[in-house]
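Listed below are the residues making up each chain.
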Amino acid sequence: MAPNTAQKPAEADAACERAGSPAIELDGLQRRYGERVALNALSLSLEAGQTLVVFGPNGAGKTTLLRLLATLLRPHAGSARVLGAELPARAHAVRGRIGLLAHEPLLYRELSPRENLLFHARLHGVQATRVQDMLERVGLSGRAEEPLRNLSRGMVQRVAIARAVLHDPELLLLDEPRANLDPAASELVEPLIGRDCGRTRVLSSHDPLGGLQEADVVLGLRGGRPVLLANVASVDPEQIRELYR
Amino acid sequence: MSTVSHEPVKAPAAVRGRAAPSMRATVAALLRKELLIELRTLESVPGMSLFAVTIFVVFHFALNQNSLAGNEAAGVLWVTLLLGAMLGVNRLFVADSDQGGFDAFMLAPVNRSALLLAKASALALYLLVLELVAVPAFALLLAGASLGHAFPTLLAVLALADAGVAVIGTLVAAIAVRTRARDLLGPLLALPLLIPVVIGSARASAPLFGAQGSSGRWLLMLALYDLVFGLISYAVFDFLLED
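Residue numbers (the numbering used here), protein chains in the order written: chain A, 1 to 245; chain B, 1001 to 1243.
Treat the hints as calculated values from the structure; they're not laboratory data. For clarity, every value in this text was computed on a predicted model and none was experimentally measured. Glycine included, every Cβ here is placed at the ideal spot set by N, Cα and C. Treat each hint with caution, since some may be false.
As the list claims (entries may be wrong) - Taking beta-carbon pairs under 7 Å as the criterion, some of the chain A residues facing chain B (in silico):
#: 1; residue: Gly96
#: 2; residue: Leu100
#: 3; residue: Tyr108
#: 4; residue: Glu110
#: 5; residue: Arg114
#: 6; residue: Phe119
#: 7; residue: Arg122
#: 8; residue: Gly125
#: 9; residue: Arg149
#: 10; residue: Leu209
#: 11; residue: Leu212
#: 12; residue: Val227
To be verified - What follows is a set of in silico ranges between Cβ atoms, one per label pair, in the way DEER data are often shown:
#: 13; chain 1: A; residue 1: Gly28; chain 2: B; residue 2: Leu1042; range: 32 to 38 Å
#: 14; chain 1: A; residue 1: Gly59; chain 2: B; residue 2: Leu1220; range: 37 to 43 Å
#: 15; chain 1: B; residue 1: Val1129; chain 2: A; residue 2: Asn150; range: 23 to 29 Å
#: 16; chain 1: B; residue 1: Arg1040; chain 2: A; residue 2: Ala179; range: 24 to 30 Å
#: 17; chain 1: A; residue 1: Gly28; chain 2: B; residue 2: Asp1238; range: 23 to 29 Å
#: 18; chain 1: B; residue 1: Phe1151; chain 2: A; residue 2: His76; range: 54 to 60 Å
#: 19; chain 1: B; residue 1: Leu1042; chain 2: A; residue 2: Asp196; range: 30 to 36 Å
Take the sequences, apply the hints, and build the full model.
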C-alpha cells in the first residue's frame, strides 16, 4: 500500500516548519521607508543554533533587519523564511517562537518588573511560576515590586532580557543586547542570551572583537546593503572596523 | 556557513507544551494591565471628569441660566460628555506607542482583536466614571428638574452611547496614535463618526428633560449603530495594527 502523503494544508505547513530547514533564509530582501531604501538585496541562510552578528554604522539597516525578522515589518521585495515560515504570509506561525530585545525595552514604566513579566507571561501562555524564576536569573527578585521608572537603565535592560526569553523562544533577535549592562550584569545574563543559550541568535553589535566572539556568521551592512557576509573564521576585526570608516 | 554543534535545550516546565492563550485570557491580561497603569498614573479619568465639570460651569455662566430643559439640556449634556471622552480617546494608546507595548503585543501569539476588546472595555469603564461625576454635576448646575424619575432610561442611553464611543474611540485612537499629529487627528476623525451617537443620545434623552417625543426609537438607533460599527471595527482592527 502506498504511503498516504496527502496531508491537510495546516498539517503540511506545520510539518514543513518542523523539518530541518535553516532557521533563517533571506533572498533579495528589501525594505523601504517611503522613498528611502533601508535594507536592500540581502540574501543569507542561517542554520538553527547558529549566531549571526550584524555590524554596521548607525542607519545601516541593522534594526530594520531585526524588525523584519521579528515580523514587525513587512518586506517590500524578496523573500524571508523564518523558522520555516514564509513572511509575512505565515508570520502568525512564528510569533511566540521569537524573542526580541530591541532598543526600547518593550516594558511599561509604571508597572513593576514582576507585573511586566506577568503580563507578558499571560500573553504567551507561560505559567506565572516562570516569572519568579526569570527575576532571580537576572538578579532582580529584590527589586521586583518597584515601578520600572525607579530602576536604572541597566536594571531595565535585565528585565527586558527576562521578557525576551520568558517564553523560551527558538530565535533570539538582540539589538545591542549588552548596552547599559555592567560586566557583572553581562555575565549574569550570559546563560540566557549568550553563545551557549542554545537558541538561534541574530544580534547587532558595534564591538568588533566582542561581536566576533559571539558569531558563527558575520554580516556587515552599510547604507542598507550587505557589504560583508562570511563565516566568522574568515573575518578579520579590521574588516569590521573598515565598515565604520 | 560554519556548522556549530549545540545541545538541544530542554524547555522549562512552566513553558513546555504551552498553548496560545484564549481570547478571554488575552483580553483579561490586557484589560488588567490597562487599568493598573491608569490607577498608577491617573492620566485619563480625572482629566476627563474635571474637564466635563468645568464645561458645565462655563455653560452655567455663559448661558446665564440656572436650569436648561428639553433639547438644550440634552445637547449640552451630550456634547460635554463627548468632548470629555475625547481626552480619554487621545490617551488610550499613548503608553503602548511610547513604551513599545504595541511591538510586544504584536510578538505574542494572540488574537489581535483582543486588543480592540480590551481597550474598548477600558474606555467604557473610563466613560462610566466620567458619567458618575459629570451627570450629578450636570443635574446640580444645569438641570432644573430632578433626574431621579428618568434614571432607568438615562441609564440605557448612557450604556448604548458608551458602547458606541468606546468602539469608535478605540478604532480612531489606534489610527491616530501612529501619526505625529495624534492629539489633533483623534478628535478630527472621531467626532464626525460619533455624530450619530450624539444625535441619538441627545434625542433619546431630551424627553427626560421635558421635550416632546419618545426615547424608544432613538435607543434602537443607538443599538443599531453600536452593532454595525462594532462589527466594522472588529473586522478592520487587525489591519490597523499591521505595518
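Just pull the numbers of the violated hints for me, sorted ascending.
-> 5, 9, 10, 11, 12, 13, 14, 19
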